[in-house]
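Go by the hints and put chain F onto chain Y.
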Amino acid sequence: MKHNNIPNLGIGIGLRIDHYDDIFSTYPAIDWFEIISENFMTDAKLPNYHLDLILERYPVVQHGVSLAIGSPDPLDFAYLTKLKALARRTKTPWLSDHLSWGRLPGANYHDLLPLPYTQEVITYVAERARIVQDFLEIPFALENLSSYVAYKQDQMPEWEFYTQVVEKADIFMMLDVNNIYVSSRNHHFTPRDYYENIPLDRVIQIHLAGHTDKGTHLLDTHDNFVCDEVWKIYAEVYPKTRGVATLLEWDDNLISFADTWKEALKAKAFQQTLVEAI
Amino acid sequence: MVPTHLLELQEWFASIITARMTSERAIQPYTARRAPIQEEAALYVQPSPTLAPHERMQIYNQSYWLRFFEVLEDVYPLVHRLFATFDFHEQLATPYLLAHPSTHWDLNMLGDHFVAWLENNYHEQDKNLVCNAARADWACQLCFSAKEVEPLSTATSDILTHPVQLQPYLVVLQMPYDIYAFRDAFLKESAEYWIEHDFPVLEKNASPYYFVLFRNTKHRVEWRYLSIGEYVLLTHIQNGKTIEAACEAIEQEGGPLFEMAEKHIAYWLQDWMLRGWIIKG
Chain Y
1 MKHNNIPNLG
11 IGIGLRIDHY
21 DDIFSTYPAI
31 DWFEIISENF
41 MTDAKLPNYH
51 LDLILERYPV
61 VQHGVSLAIG
71 SPDPLDFAYL
81 TKLKALARRT
91 KTPWLSDHLS
101 WGRLPGANYH
111 DLLPLPYTQE
121 VITYVAERAR
131 IVQDFLEIPF
141 ALENLSSYVA
151 YKQDQMPEWE
161 FYTQVVEKAD
171 IFMMLDVNNI
181 YVSSRNHHFT
191 PRDYYENIPL
201 DRVIQIHLAG
211 HTDKGTHLLD
221 THDNFVCDEV
231 WKIYAEVYPK
241 TRGVATLLEW
251 DDNLISFADT
261 WKEALKAKAF
271 QQTLVEAI
Chain F
1001 MVPTHLLELQ
1011 EWFASIITAR
1021 MTSERAIQPY
1031 TARRAPIQEE
1041 AALYVQPSPT
1051 LAPHERMQIY
1061 NQSYWLRFFE
1071 VLEDVYPLVH
1081 RLFATFDFHE
1091 QLATPYLLAH
1101 PSTHWDLNML
1111 GDHFVAWLEN
1121 NYHEQDKNLV
1131 CNAARADWAC
1141 QLCFSAKEVE
1151 PLSTATSDIL
1161 THPVQLQPYL
1171 VVLQMPYDIY
1181 AFRDAFLKES
1191 AEYWIEHDFP
1201 VLEKNASPYY
1211 FVLFRNTKHR
1221 VEWRYLSIGE
1231 YVLLTHIQNG
1241 KTIEAACEAI
1251 EQEGGPLFEM
1261 AEKHIAYWLQ
1271 DWMLRGWIIK
1281 G
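First to last, the protein sequences are chains Y and F.
Take the first sequence: its position 93, counted from the start at 1, is 93 in my numbering, and no numbers get skipped.
Start counting at 1 in the second sequence, then tack on 1000, and there's your number in my numbering.
Simulated from the structure, these hints should not be mistaken for laboratory data.
Errors might be hidden in some of the hints.
Claimed, not checked - Stretch-level coverage of chain F by chain Y, calculated; a stretch enters the list once three of its residues show a Cβ under 8 angstroms from a Cβ in chain Y: (1) 1060 to 1072; (2) 1141 to 1155.
As the list claims (entries may be wrong) - In silico BS3-like links for lysine-lysine, alpha-carbon gap of 25 angstroms or less: (3) F:Lys1147 to Y:Lys91; (4) Y:Lys82 to F:Lys1188; (5) F:Lys1241 to F:Lys1218; (6) F:Lys1147 to F:Lys1263.
Please read these numbers as outputs of a predicted model, since none were measured by experiment.
Ideal Cβ positions, reconstructed from N, Cα and C, are used throughout, including at glycine.
If we strip away everything but chain Y, and leave its shape as in the complex, we get (with noise of 0.2 angstroms):
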C-alpha cells in the first residue's frame, strides 16, 4: 500500500492544556493539530468542548500511546472500540501509535518498550497491526521509538524490523526523525543507514522533535528545540516520502505558542525548497 492517497496536511504541532488560552483567543493560522486519542477518550466535558472548538476550525490527526501492539496480552477491542469513535468524530485521515510494547496481561506500564528484532515478533506484530488496520478502517501507521536498550535476541536493526513489521501488515510508518537521531546515538549506528534502508513511500507523516543529551545517552523528552543533526535528517528524508504532514512534538518544558510554531514553522522553510526540488 503506498500513501498517494493519504494527504499532506502541511506542518501541524500537538495540541497542548499550555497552549489553550493562545489558542483559543486567536485562532492561529496553524495547518493542523495532533492530539493524543487517549486524552480525549474519556467521559470529562472539558477535553471534549476544547476538541470540539478545534475541529471546528482545523484538521487534526490522532496518535495514540496506550495501543502496545507487541504486548502478549490479546488486542483489547474495547479500547480499539473507543479509538475508533473518537476517529470518527475527528474525521482523522489517518491514526498512528508506536511499534513498541506495554503490557503485560493484568499490568500497564504506560511506557513504550522495545522489542526485540526478530521474525518470530515480526510475524506476531505484523499480524495485529493487520488487524488494528482492517478494525479501525482508517490507514494506520506505526512510529518508531526513541530506545535505550537493544536486546541480545536481536536478530536485525531496527530499521529492518520496522520495514518488514509495515510491509507484512501493509501498513504505514510514522516516521520520527528525532528518534532515528536520539537511537542511532544510543546503539551507535548511522541514520542514514536507517532512512536509507526504509520503505519511505510507506511514510504518512513526520515527527520532529527535541532530545535531552544525559552525557551517557540521548533522552527523547520533547522539550527542546529541534537540533541541527535532526533537521538535517528531516531535509534528507522529506523529499523522498515525496511530501508529507509534519508535526512538532513539544510535550514538556513547554514555550509559548508563539514560539512553538515559529519552531515547527522552520520546518515548512525546509519543505518549500524541497518541493522545488521535487
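Leaving out everything else, chain F in the frame of chain Y:
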C-alpha cells in the same frame, strides 16, 4: 501466538522496571531472582559503549516510577502538598503503586484505590487529615472526569414521584473541617512558598462541613458549601429516592432539619433543576 522468547523477555523486563528504586533513585542491586542486576541484565541486554546493560535498564526503571509519581501528584495535589515531594513518593506513592500497579490504559484510573489504601495502610497520627485530603482530591478528579447525562426537564410531569438521580459528575460530601477552603489556599501558592510560610489554617467547627462539587458552565470543577438540609436531600436523591420520598424522609426526621427543608426546598429544587443536576433515575 505470542513467541515464547518474547513473553519471557517481557516478563523479565517488567520485573526489572517495576522494582522499587533505591532511595538514590537507582536500580535495585539485586533482582527478584536474587541475582546481581549486572549479571542478570547482561543475559538479556547488550551493553553500549557508554552504558552497561543494567544502566540501560535503569533508564526504564526510573521512567516507570517517575511517570506514575507525576500522575499521583496531579490527582492528589493536596496530599502531595501535605507531605512534600520526597515523602509523598517514599511513604505513599511507592508502596501504593507496588500494591496497586496500573491495570488500565487510562492513567486517570491509577489513583482509584488510593483512598482505600490509605485507610488500610497509613497509621500515623494525622491519618484522618491525610485520608480526608485524599477524599477531597479524588472528589475533584471524579467530578472532572465523570460523564454528563441529559438533565431532567423542568417540564417533566409527576416530577416529585419520577425516579431521579444526580448527575454522575456531582459529588456530595461531608467533612469534619473546611477542607476545600484549606485546599484552595494551599494550592494557590507554590510548594516553595510554603517552605517560608505557615500553612493555611484548617478551620474546624463543632458541626461538620457539607460540600457539593459540580462542573460550572465552563465545564470546570467548582465547589460550594451546602446546608445540612441540602446535603441530606441531595444524598437521598443520590441514593435513589424520588424527590417525594426524600422529602418524606426529612419530614420523618423532624426538628430543625425539617424546618429548614420546608422553608427552602422549593428554591433548592428549582436551583438544582436549572443547574441540570437532576437526571432521570
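Do the hints match the structure? See the list:
1. 1060 to 1072: holds (count 5)
2. 1141 to 1155: holds (count 5)
3. F:Lys1147 to Y:Lys91: Satisfied, since the Cα-Cα distance of roughly 23 angstroms is no more than 25 angstroms.
4. Y:Lys82 to F:Lys1188: violated, 36 angstroms
5. F:Lys1241 to F:Lys1218: The hint is violated at about 30 angstroms.
6. F:Lys1147 to F:Lys1263: Roughly 33 angstroms separates the two Cα atoms, so the pair is violated.
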